[in-house]
Amino acid sequence: MNLTLQRCLIHADREAIVRCPSCGNYFCRECITEHEQKFLCSSCLQRVTPRAEPANWNAAWLMSIVKMMVGIAVAWFFFYLIGQTLILIPPNVHDGGYLRSLGQ
Amino acid sequence: MRTDRTGLVLIEEAVQLLRTAPVTVFALYCGGTVPFLLALFSFCTEMSYSRDAGAKCAASAVLVALAYCWMKGLEVFCCRELVRAYTGNVDRWWEPKTMLSIWSRQIAFQPLGFFIRPLAWLLLFPVTYVSAFFQNLTVLGGASRKDVRKSWELARLWPAQNHTVYGLLSLLALIVFLDLYVVTFSTPFILKTLLGIEGSLTRSYTWIFSPVLIIALAAVAHFIIDLLAKAIHVIRCCDGESQATGADLLRRLNSLRNPEGALRAPK
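Each protein sequence line maps, in turn, to chains A and B.
FYI, this note's numbering numbers position 30 of the first sequence as 30, with every residue one higher than the one before it.
FYI, this note's numbering numbers position 126 of the second sequence as 126, with every residue one higher than the one before it.
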């Protein structure tokens with residue numbers, strides 16, 4: 001079918017400039033938009049664009065919080081190991097007593 | 001972008017970048033590093049000298065871990081400012097959602113470096129890749145999910161340059177550590193000789209072998225060199241990304257149009 005003879009589905013008084021590859025209807029330049037290198041009408045665009053689900057958003061944030069907690073726990077464990085190592089070092093090493101005893 | 005750049009040239013460019021960087025970069029870096037270092041020193045001193053160190057260890061480690069997380073967030077913001085100084089691109093990292101996203105990603109990933117880096121050291125060869133990965137993650141921020149994969153891809157870029165840079169930085173860190181050690185050791189004795197000030201530090205020399213002092217000086221030396229390492233990775237990341245975007249060509253064009261920006265643009 002010749003495109004130049006077609007009218008916009010929404011604006012009947014306007015010439016159609018493109019045919020939506022998804023629904024096959026004709027649209028004017030105002031009713032069409034580009035999405036991933038294809039021209040789509042607004043209703044088809046709404047259908048193909050994934051909506052951000054509030055539940056997913058919450059799940060993502062929950063996951064981030066869990067990861068953060070794991071990260072803090074890993075950091076805590078590392079510093080805890082350092083602390084335990086320092087505790088294991090005999091006090092005479094910290095105050096230099098072992099050096100004095102070596103000198104005597 | 002120059003792919004034929006040697007490690008030494010890259011270090012020189014990083015030093016130049018730090019010299020032209022705004023004061024915000026240093027303020028953000030110190031704002032994160034100083035509280036962490038203070039918390040670490042306090043923790044190490046408490047664990048070394050306190051009588052009830054064993055009972056306090058777990059609680060005190062939480063404070064140091066939180067200071068570490070705080071520092072990692074501010075390091076990202078510092079790197080964002082360095083990227084702005086290098087490329088001129090304004091990244092709106094101060095928006096609350098972006099900040100929260102960056103912080104959460106950094107807290108989730110960076111502590112893993114405590115255990116992955118020593119493992120990489122054991123195998124020796126991959127240590128530069130692993131260190132570069134964590135530095136790149138700091139530079140890119142991690143606000144986007146793709147940043148983790150991109151950090152690894154950029155860490156594998158120009159391996160000879162990466163190995164040279166890490167070799168030179170390790171040597172530099174050792175020199176800085178020895179410098180700090182000599183200054184710390186000699187200052188009390190110089191004061192005693194010149195001004196006659198005598199204290200517990202001059203009565204005995206044994207304190208210079210204290211594990212806490214060695215940890216403290218090693219940490220200070222690390223953080224002095226770390227800022228230079230961050231500047232190096234800012235340059236590497238921006239140039240690595242330019243391979244796909246051509247942003248370096250636009251920067252060079254801008255620098256030709258605006259001679260004031262010529263110093264900051266890569267040659």
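Keep in mind that a hint or two might mislead.
Said to hold, decoys possible - Using C-beta positions, here's what the derived DEER-type ranges look like:
hint, chain 1, residue 1, chain 2, residue 2, range
1, B, Lys192, A, Asn92, 21 to 29 angstroms
2, B, Trp121, A, Asn58, 51 to 59 angstroms
3, A, Arg47, B, Pro126, 40 to 48 angstroms
Said to hold, decoys possible - Chain B stretches covered by chain A per the calculated footprint, using a threshold of three residues with CB under 8 angstroms from any CB of chain A:
hint, region
4, 8-18
5, 42-49
To be verified - Stretches of chain B that chain A covers, calculated by requiring three or more beta carbons in the stretch to come under 8 angstroms of a beta carbon on chain A:
hint, region
6, 52-60
7, 127-133
8, 170-181
These are calculated hints, taken from the structure and not from any lab test.
Every residue, glycine too, gets a C-beta built ideally from N, C-alpha and C.
Is the coverage entry for the region 127-133 of chain B by chain A consistent with the three-residue Cβ rule at 8 angstroms? violated (count 0)
Closer than 8 angstroms, Cβ to Cβ, for at least three residues: run that test on the region 52-60 of chain B against chain A and report holds or violated. holds (count 5)
Are 3 or more residues of the region 170-181 of chain B near chain A, judged by a Cβ distance of less than 8 angstroms? Result for this restraint: violated, n = 0.
If you look at each residue in the region 8-18 of chain B, do at least three have a Cβ nearer than 8 angstroms to any Cβ of chain A? This one is violated; 0 residues, fewer than the three required, reach chain A with a Cβ under 8 angstroms.
Could you tell me whether the CB distance from Lys192 (chain B) to Asn92 (chain A) stays inside 21 to 29 angstroms? holds, 25 angstroms
Can you tell me if the region 42-49 of chain B counts as covered by chain A, using C-beta to C-beta distances under 8 angstroms and a minimum of three residues? holds (count 5)
Is 51 to 59 angstroms respected by the C-beta to C-beta distance linking Trp121 (chain B) and Asn58 (chain A)? violated, 40 angstroms
Is it true that Arg47 (chain A) and Pro126 (chain B) lie within 40 to 48 angstroms of each other by Cβ? Check passed, 47 angstroms falls within 40 to 48 angstroms.
Checked against the numbered hints given earlier, this structure breaks hints 2, 4, 7 and 8; the rest are met.
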